[in-house]
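Asker: Using the sequences and the hints given, assemble the complete structure.
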Amino acid sequence: MRLASGGQIDRTQTIGFSFDGRQYEGFAGDTLASALVANRVRVVGRSFKYHRPRGVFTAGSEEPNALVTLGRAAAQDPNQRATMVELFEGLEARSQNRWPSLDFDLLALNDLAAPFLGAGFYYKTFMWPAAFWERLYEPFIRRAAGLGALSGKNNDAYHEKAFAHCDLLVIGAGPAGLMAALVAGRAGLDVILADEDSRPGGRLNAETIEVAGQPGADWAEDMVEALRAMDNVRIMTRTTVTGAYDGGTYGALERPAPDWAGHSDAPCACFWRIHAQRAILAAGALERPVAFRNNDRPGVMMAGALRAYVNRWAVSPGKAVTVFGNNDDAHRTVADLLAAGIHVAALIDSRPEATTDLPVRRYAGAQVTDAHGRGGLEAISIATMSGIDKIRTDCLAISGGWNPTLHLTCHTGRRPAWSPDLAAFVPCDGAVPGMITAGACAGDFSTHACLAAGVAAGKAVAKDLGKRARKTDLPRAEDAPYRIRPLWAVPGKGRAWLDFQNDVTVKDVKLAATENFTSVEHMKRYTTQGMAPDQGKNSNVNALAVLADATGRGIPETGTTTFRPPYVPVPIAAMGAGAQGKGFAPQRFTTSHAASVEMGAPMVEAGLWYRPGYFPRPGEKTWRQSCDREVGMVRQAVGVCDVSTLGKIDVQGPSAGAFLDMLYCNMFSTLKVGRTRYGLMLREDGHVMDDGTTARLGEDHFVMTTTTAAAGQVMKHMEFVHQALRPDLDVSFISVTEQWAQFAVAGPRSRELLNGLLDTPVDDDSFPFMGCGPVSVMGVQGRLFRISFSGEHAYEIAVPARFGDSLFRTLVARAEGMGGGAYGMEALNVLRIEKGFITHSEIHGRTTAFDIGMARMISAKKDCIGKAMAARPGLVSPGREQLVGLMPTGAVKQLTAGAHLFCLGEEAVRENDQGYITSVGFSPTLGHFLGLGFLKDGRARHGEEIRMVDHVRGVETTCKVVDPVVLDPEGGRARG
Amino acid sequence: MRIPCPICGNRDSREFDYMGHALTLDRPAPDAGLGAWDDYLHNRENPAGPTRDLWFHGLGCGAWLVVSRDTVTHEVFGAELARDVTGGRA
Ligand SMILES: [Zn+2]
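Protein chains in written order, with the working numbering: chain A, 1 to 976; chain B, 1 to 90.
These are calculated hints, taken from the structure and not from any lab test.
For clarity, every value in this text was computed on a predicted model and none was experimentally measured.
The reader is advised that the hints may include incorrect statements.
Here are a few chain A residues that face chain B, going by a calculated C-beta distance under 8 Å [unchecked claim]:
{"no.": "1", "residue": "His275"}
{"no.": "2", "residue": "Glu684"}
{"no.": "3", "residue": "His687"}
{"no.": "4", "residue": "Lys716"}
{"no.": "5", "residue": "Glu719"}
{"no.": "6", "residue": "Gln723"}
{"no.": "7", "residue": "Pro727"}
{"no.": "8", "residue": "Leu729"}
{"no.": "9", "residue": "Asp863"}
{"no.": "10", "residue": "Ala868"}
Here are a few chain B residues that sit away from chain A, every Cβ distance over 12 Å (derived from the structure) [what the hints assert, rightly or not]:
{"no.": "11", "residue": "Cys8"}
{"no.": "12", "residue": "His42"}
{"no.": "13", "residue": "Arg44"}
{"no.": "14", "residue": "Glu45"}
{"no.": "15", "residue": "Asn46"}
{"no.": "16", "residue": "Pro47"}
{"no.": "17", "residue": "Gly49"}
{"no.": "18", "residue": "Ala63"}
List time: in silico SDA-like cross-link candidates among lysine to any residue, alpha-carbon distance up to 20 Å [said to hold, decoys possible]:
{"no.": "19", "chain 1": "A", "residue 1": "Lys862", "chain 2": "B", "residue 2": "Asp31"}
{"no.": "20", "chain 1": "A", "residue 1": "Lys716", "chain 2": "B", "residue 2": "Asp31"}
{"no.": "21", "chain 1": "A", "residue 1": "Lys893", "chain 2": "A", "residue 2": "Cys903"}
{"no.": "22", "chain 1": "A", "residue 1": "Lys867", "chain 2": "B", "residue 2": "Arg27"}
Built from N, CA and C at the ideal position, the CB exists for glycine as well.
Answerer: So, in structure tokens, the structure goes:
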């Protein structure tokens, strides 16, 4: 219920929201959790395994119970911690893991079946028969155990990712973090202060502690104002630093302000990568519970959280509150409750020596042994020296002491150390290079100690980075000693919860120990303790202590806790922001793109490029009809095809020829100016990397081409060969792929077409087969190469990219007037298969020059990349699969790429495999399918009948092995 | 992880491609024999500690670097241009 006054909420601003369909109201400044508490909603969810009713347990990101689903339809967002959701108008939240409703949950039967659902129950209960797993056990377990669910629909909600750089990242804006940021900021460092709360101040917002004579929250507000006034300090609120990574890199998740729903341009979340020279971890500490029977009843919550609800949000979860603790914070809680006018039914302190002046019924050396009330806490049992007392109470606050929030110090592999004084783990020094710890996360629990540690840390970093820190006065604050007597679990019957989120009890951990899972890592995996989304923030240390007790060891001997990133769950959508759909992936368009789309060509992705598949004409109903026509155009008249996507690399310098000799297996230094040569490039291991033509435009000037697919890889390889292996070569090279638009003009009438455009017509003398040189195309300086990938008399003409669109349209229009036209990738593929020309379907990374019949291209006169290893016996020995052509001969006149080859009469099994098909196409020129493939010793088997089996598509035929070059083997068409 | 490119400065490792140990710079002579070539191509130590490996600043200046780092602590000690390493040896 809401208290009459107090709190850091704006009572003038009422906010309406709904929970499980019911309407409620809260105030600006509320979280969903505080607003639910204000509206006396006690049960907010059902537990993971036993479907026990659960209530709000904490006030921070460590919340294990109050997980809700926000939003609707595709944008449904499960497992949101109500403690971290700031209230906004119209917020819709739904509880999870209950069916049909939160009040009446059928699977609460699991709670009665608890004896069968203990640790390891999967392994024991569902052992046999195996077939039942898929059909029965797994669906049942999945329905019964779980958290919220995604919608299963595509959620295109806008997420963002961003990068930041700074000298110093301060993680946590409590007293230590604020002071550290102030000192470092005044010293002139570029500082980012990140805090996961909407309001900086840390515990000061939740306590009644004074700093410098002011209420702590007010002091924090003044500090924030002072920091905001500095240009070199950035304050990031609602930003959880989620991970510490190598080299001073930190991940952080920024949540939107609560009014985000009103801003359509604001992202749902932003994932930051922050590069910081230094970091100060000032993340505070997390309070830990005490395990006792039924300690998971709604109404049982952490004492520090209760103080936050009372002091910050002016709400009380109960009318008669009891407080149970093993340290002085239990007393602080009682004092705050009394000051707020809330009735305290009893203070139970497990320490026998505990005394208090507070006007409250007090038990010293006593322990809470049970919590009663199925739907919510109604009473507790207390074991005292004299027996069992039962007290009526609707809210029990527990304080089992504090665990420093040292998670980030474990992210790069180091583990924390046990401090017997604090009964807690503390970070070890230098755990993350460049990061130091300050305040409660380092075990300094008093406000004074935190302020002092913050100043010291800020100074240390400033000095480390060569800046001088100005003198900073330390504000006055309490410096109470931390007095704790460890209490992990109250002995007794029944189930006492350790891990609320995964439903792991003291019994489960003891069972694990009994069954010899005595290593903490084994215990965790066997019981699933600490493996829920909260990563055991409330339970790791307690579970370790219980395991230590069960195995008769001390805590440090038993093991330690460690944590991995992320500190809080990070939506994949935020980490992958910008990558949904096409996202930020570049789309590369050729200069003929617009014209091709206008002509109705379907554009096909080729890496980042888009290329036309075919150019449909009226009356053509299938792609094959268009493709067949386009092939015929090229064979009989003239076709035009954009080949600009091939990698074009300009190579210049006195050593350019020698460099190409090193790159390619064949010789280029001997190539004459004005000539073009096909080149084969090997990897150092002797396999083929790429192929393409290279033109020599001048003595020291070459232009080489790569395949579209391998352009980037080849460029990187060239850089390696030059920089790392042959820096002695005087050569420079650069990609000019995008600078030149290049079109293949192919077919018997290609020269006729070109001569209509060229300012000086060409003939066999000026441009013989494989000739190249500069030309003037309607007044534009371009380049002409007489090369052919179709086997026809053909050219490639290149102009600066800005003339590409115009040249393409002109070429196509004139070609159409000559019985030809544009052709696309499909026709290009058929044309090259008819000629046995290879692509990356054939040079797929496992084939050698020997395999594709080009072993003789490896020049004996020089070294080149891959030459030594290409000669390995295994790469040239009999039995290798060699490139062949294939024609179907059986009743089924179809070939399929990917099909395997077998000898006639042999079973189509792996042991009998003879090879495989890499490329197929229907040849309209020959009237049947043609294939390229690899066959064992294939070059010696031309003429043989062989069996093709495509196990995947269920196609089978016989085919004849032929030379890969089916059409015009002498090459007269291209030369003539 | 951050890599100090001698040309571009300290950069995020995602700007770089990795290509194994810097032994790849020690390319054998063409006639060194299959044993030497097999060693060069395939055999690498798997050190727990300091190592030197090749990184390509593909999303930066295009330089091949030899980066010294520790495989256990992930500390990066420094980087030099492969060009200088190879050139200095020749
Ligand atoms: Zn660079």
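Asker: Each hint: holds or not?
Answerer: For each hint, the structure was consulted:
1. Interface hint status for His275 of chain A: upheld, as the beta-carbon distance to the closest one in chain B is roughly 7 Å, under 8 Å.
2. For Glu684 of chain A, the shortest C-beta to C-beta distance to chain B is roughly 6 Å, which falls under 8 Å, so the interface hint holds.
3. For the restraint placing His687 of chain A at the interface with chain B, the shortest Cβ-Cβ distance is roughly 11 Å, beyond the 8 Å limit, so the hint is violated.
4. With a cut of 8 Å, the hint placing Lys716 of chain A at the interface with chain B holds, because the nearest CB-to-CB distance is about 6 Å.
5. Given the 8 Å rule on beta carbons, the hint for Glu719 of chain A holds: about 6 Å separates it from the nearest Cβ of chain B.
6. Hint status for Gln723 of chain A: holds, given a least beta-carbon distance of 4 Å to chain B, under 8 Å.
7. Checking Pro727 of chain A against chain B: minimum C-beta separation of about 5 Å stays under 8 Å; hint holds.
8. Given the 8 Å rule on beta carbons, the hint for Leu729 of chain A is violated: about 11 Å separates it from the nearest Cβ of chain B.
9. Annotation: Asp863 of chain A was flagged as interfacial toward chain B, and the flag holds, the nearest CB pair being 4 Å apart, inside 8 Å.
10. Nearest Cβ of chain B to the Cβ of Ala868 of chain A: about 5 Å, under the 8 Å cut. The hint holds.
11. Every Cβ of chain A is farther than 12 Å from the Cβ of Cys8 of chain B; the closest lies at roughly 14 Å, confirming the non-interface assignment.
12. For His42 of chain B, the non-interface assignment is contradicted: its Cβ lies about 9 Å from the closest Cβ of chain A, within the 12 Å cut-off.
13. Its beta-carbon lying about 14 Å from the closest one in chain A, Arg44 of chain B satisfies the requirement of being farther than 12 Å from that chain.
14. Annotated as non-interface, Glu45 of chain B keeps its C-beta farther than 12 Å from every C-beta of chain A; the closest such distance is 19 Å.
15. Chain A leaves Asn46 of chain B outside its interface by the beta-carbon criterion, the shortest separation being 18 Å against a cut-off of 12 Å.
16. Distance check on Pro47 of chain B: its Cβ is at least 17 Å (rounded) from any Cβ of chain A, clearing the 12 Å threshold; non-interface status holds.
17. The non-interface label for Gly49 of chain B is consistent with chain A: the shortest C-beta to C-beta separation is roughly 15 Å, beyond 12 Å.
18. Chain A draws Ala63 of chain B into its interface by the beta-carbon criterion, the shortest separation being 7 Å against a cut-off of 12 Å.
19. Proximity of Lys862 of chain A to Asp31 of chain B is assessed by CA-CA distance (about 12 Å); at most 20 Å being required, the pair is judged to hold.
20. For the hint linking Lys716 of chain A to Asp31 of chain B, the alpha-carbon distance of about 26 Å lies beyond 20 Å, and the restraint is violated.
21. Straight-line distance between C-alpha atoms of Lys893 of chain A and Cys903 of chain A comes to about 18 Å, which keeps the hinted pair within the 20 Å bound.
22. For the hint linking Lys867 of chain A to Arg27 of chain B, the alpha-carbon distance of about 12 Å falls within 20 Å, and the restraint holds.
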